[in-house]
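Trainee: Sequence:
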Amino acid sequence: MANILIIDDSPTDVRVFTTLLERAGHRVDAVNNAEDGIERVRATRPDLVIMDVIMPGMNGFQATRTLTRDPATAGVPIVIITTKSMETDRVWGMRQGAKAFITKPVNEKELLACIDELLPKAA
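Sequential numbering of the sequence shown, starting at 44, is according to the numbering used here.
Bear in mind the hints are in silico, worked out from the structure with no lab data behind them. Keep in mind that the hints are not guaranteed to be accurate.
For lysine to any residue, the following SDA-like pairs were computed, each having C-alpha atoms within a straight-line distance of at most 20 angstroms [stated by the list, open to error]:
1. K152 - T61
2. K127 - R138
3. K147 - A73
4. K142 - P120
Label-pair restraints from in silico Cβ distances [stated by the list, open to error]:
5. V134 - R70: 30 to 40 angstroms
6. T62 - L161: 16 to 26 angstroms
7. T131 - G68: 31 to 41 angstroms
8. P99 - S128: 29 to 39 angstroms
9. R85 - R138: 34 to 44 angstroms
10. R66 - L161: 10 to 20 angstroms
11. K147 - D72: 13 to 23 angstroms
Since this is a predicted model, take the numbers as computed values, not measurements. Using N, Cα and C, we set each Cβ at its ideal position, and we do this for glycine too.
Kindly generate the complete structure, drawing on both the sequences and the hints.
Mentor: Following this line, the structure appears as structure tokens:
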């Protein structure tokens, strides 16, 4: 079981992801903007972050870059989940430090497999 933070301004997406992740045994927290997400990651050190891209204020690419360049939060893997489906978006997201880039609508098995791959393995 992992602690996963969702940073997404869509209440519908947060509800869908929360249900899916909790059913898989994870603990879920959520915030609806990037600025609060950065602060929550710094305060709680989740095991993984699910990051939307298109949000008011700071976007998910900027937040990903901020978190992955901060030594205190750089070890937290970020999975970008977005409607932005261009290859340039995927490349840019990965260059900002994301560990995975998934396009909405999300395939449940793909998301859970991605999360399992990125979570630290128990010793």
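Trainee: Taking each numbered hint in turn, which are not upheld by the structure, reported in ascending numerical order?
Mentor: 8, 9
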